[in-house]
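K.L.:
Spelled out from the first residue to the last, the chains are:
There are 2 protein chains.
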Amino acid sequence: MTPKEITPVTGIHHINLLVADLDHAMALWRQQLGISDFIEDSLEGRGVRTARVRLGHTWLVLVQPVSEGEPMRQLRERGEGLFLLSLGVSNLDDAVATVKKGGGDTTSTEPRQGLENWRVIDLDPSLLAGAPIQLTEEQ
Amino acid sequence: MTPKEITPVTGIHHINLLVADLDHAMALWRQQLGISDFIEDSLEGRGVRTARVRLGHTWLVLVQPVSEGEPMRQLRERGEGLFLLSLGVSNLDDAVATVKKGGGDTTSTEPRQGLENWRVIDLDPSLLAGAPIQLTEEQ
Chain A
961 MTPKEITPVT
971 GIHHINLLVA
981 DLDHAMALWR
991 QQLGISDFIE
1001 DSLEGRGVRT
1011 ARVRLGHTWL
1021 VLVQPVSEGE
1031 PMRQLRERGE
1041 GLFLLSLGVS
1051 NLDDAVATVK
1061 KGGGDTTSTE
1071 PRQGLENWRV
1081 IDLDPSLLAG
1091 APIQLTEEQ
Chain B
961 MTPKEITPVT
971 GIHHINLLVA
981 DLDHAMALWR
991 QQLGISDFIE
1001 DSLEGRGVRT
1011 ARVRLGHTWL
1021 VLVQPVSEGE
1031 PMRQLRERGE
1041 GLFLLSLGVS
1051 NLDDAVATVK
1061 KGGGDTTSTE
1071 PRQGLENWRV
1081 IDLDPSLLAG
1091 APIQLTEEQ
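Chains A and B are the protein sequences, given in the same order. Residue 1099 is where the first sequence ends in our numbering, and the numbering goes up by one at each step. Residue 1099 is where the second sequence ends in our numbering, and the numbering goes up by one at each step.
Everything labelled a hint here was simulated from the structure, so no lab data went into it. Since the model is a prediction, treat every value here as computed from it, not as a measurement. Keep in mind that a hint or two might mislead.
Same chains, same names: a pair is fine if it fits in one copy or spans any two.
[Unchecked claim] Straight-line distance between alpha carbons at most 25 Å, and here's what the computed SDA-like set of lysine to any residue pairs gives:
1. Lys1061 to Asp983
2. Lys1060 to Arg1079
3. Lys1061 to Asp997
4. Lys1060 to Gly994
5. Lys1061 to Leu1075
Here chain A stands alone, though its shape is the one from the complex (with noise of 0.2 Å):
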């Protein structure tokens, strides 16, 4: 099989920066990058405010936690910066699979439901050579 036939990997869906302070974050993409049409939104099961901006082909979210979970914990030990990178595939259940038949896995037994549209779920990144890779379905 050709690498195509076994992956859905349809592109980068969407890249995720973790801040402190979302208002201040926006304020500074806007003021020296000149983007300014976020969409704020909050994911309640994951304790974050959120802002997105569609660049090009992929989203951009800036992430601030604001409750405890994985975004919290890693802001207070990493601080802010790159949080993970979401690969677009159009079925989440066979991607897993494929996943798991080369020796990696997901971080959890069953998806999430992302912002907007999105399934999503996140990959073992000590099984990816450290690379924080998540899954999005659109659905």
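Please arrange chain B on chain A, whose structure you already have, making use of the hints.
P.N.:
This is chain B only, laid out in the frame that chain A set:
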């Protein structure tokens, strides 16, 4: 002025991931995600070996530090994982002027030569909410 007038950000040009072992990392990406058409290269001035692959409209670049420099320093201090996010711009000098006018800065006075025909410059993350952002102009 609208944001589109003051900034030439055209999208996400490339994303760099630091890895300790390029060959091992490529094998993992192929096995788990079916991504195998990497183009291997090196940048001696940065002390790195690289393997890049185009995912949709963005380049994903695996970067293995092989001699001293900023990538090696970051690998030692933070380990493997996301390293930088490079935004595409149509004119690097104009973009840098916008960044500085907006209160940001670059980490070097002059751009440097990246892979292929990429002319790049890094922004100061301490002035941009910790975001390790680079700008790339294709020449």
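K.L.:
Between lysine 1061 and aspartate 997, at a C-alpha cutoff of 25 Å, which is it: within one copy, between copies, both, or neither?
P.N.:
between (40 Å within a copy, 20 Å between copies)
K.L.:
At 25 Å max between alpha carbons, let me know whether lysine 1061 reaches aspartate 983 within a copy, between copies, both or neither.
P.N.:
Answer is between; shortest inter-copy Cα gap is 20 Å, intra-copy 42 Å.
K.L.:
Go through the copies and call it for lysine 1060 and glycine 994: within, between, both or neither, with a Cα cutoff of 25 Å.
P.N.:
Only across copies: lysine 1060 and glycine 994 sit 12 Å apart there, 41 Å inside one copy, limit 25 Å.
K.L.:
At 25 Å max between alpha carbons, let me know whether lysine 1061 reaches leucine 1075 within a copy, between copies, both or neither.
P.N.:
Neither way: lysine 1061 and leucine 1075 sit 28 Å apart in one copy and 33 Å across, limit 25 Å.
K.L.:
Can you give me the call for lysine 1060 and arginine 1079, within, between, both or neither, at a CA distance of at most 25 Å?
P.N.:
Intra 18 Å, inter 38 Å, cutoff 25 Å: intra-copy only.
Comparing the model with each earlier hint shows a violation of hint 5 alone; every other hint is respected.
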